[in-house]
Amino acid sequence: MTLSLVLIEDHQALREGLELLLSREGLEVVGTAGSAREGRELVERHSPDVALIDIRLGEESGIDLTRELLDDDPERQVVLYTGSSDVELLISGLDSGARGYALKEGTPSELTAALNTVAEGGTYVDPRLRPALLSRRATQRMPSLSKREREIMDLLAQGLTGEQVAEKLVLSSETVKTHIRNAMSKLEASTRVHAIAIALREGYIQPPASDGTPA
Amino acid sequence: MSGDERRRRLRHDLRTPLTIVSGFAEVLAGERPISDEDRREYASRIHAAAIEIRELVDALLEDEELRSR
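If you read the protein sequences in the order shown, they are chains A and B. Everything in the first sequence is counted per our numbering, starting at 1 for the first residue and increasing by one. Everything in the second sequence is counted per our numbering, starting at 216 for the first residue and increasing by one.
Note that these hints are calculated values from the structure, not bench results. All C-beta atoms, glycine included, are put in the ideal place defined by N, C-alpha and C. Treat the hints with care, since some could be wrong.
What follows is a list of derived Cβ distance ranges for each label pair [claimed, not checked]: (1) B:A274 with A:G121: 38 to 44 Å; (2) B:S283 with A:Q206: 50 to 56 Å; (3) B:E256 with A:D86: 32 to 38 Å.
Chain A is faced by these chain B residues, among others (derived, beta-carbon under 7 Å) [stated by the list, open to error]: (4) H227; (5) R230; (6) T231; (7) T234; (8) G238; (9) E241.
Partial selection, computed: residues in chain B whose CB lies under 10 Å from chain A [claimed, not checked]: (10) D228; (11) L229; (12) L233; (13) S237; (14) F239; (15) R260.
Extracted from the complex, chain A is given alone in its bound form:
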């Protein structure tokens, strides 16, 4: 099956070049955008197998766009694309929920492999970045919860069930389950209760007041 792709890159020549190169590699580029707003609209309209997003979109952030897209639908697959091998940026990018991180210095065939891997549910980090990823600095930092994950953990801490959280936030139960699963994974928790305890300890959420409302 042909992989469908939305490409979000602010540099026009690179955007057009990538469209040509990736089409030649057999991918179906269903839309291209030069800004976060246009990109978001395209992803919502086309629901591509994967979105390739430049980390820097002019003055906008591709990492913020990734967070927004995944807050709305955690099943979306995103590969971040960057010219920078900065460790902090890499960690922020992976914290945003992106499943792939590709460098601009990679070849078109490497980029195609990254997109295919992520579209199939895997993860990809450019091999040039692995030493940085395995550095102590990188591994010591706990990935932060997204706004939506914090919101859901907060409601769970107040005693709501997953179903009630879904109803309150007007989300599907499956979406809420995915957010909870992602939060548990980030917090390295084995159960929901464990995740709530860690989220409280790390200050991601506030302890509920005695009447059940957040403090």
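Since the structure of chain A is provided, determine the placement of chain B on it from the hints.
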């Protein structure tokens, strides 16, 4: 924008047209057949990216020169 930020951005921006050059060069150097029309198209994109790289390098050098004064 501070001088440091400008230089950091210029260095970062250099990678973008370099990606175009290496990407299309890889295709041109590969073994898969390319039509004459595509070959011209890819070569013109490499040419445009090379001009952009030259402008960025000039800007970086100018910046370094101003800094050293």
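Numbers of the earlier hints that this structure fails to satisfy, in rising order
none
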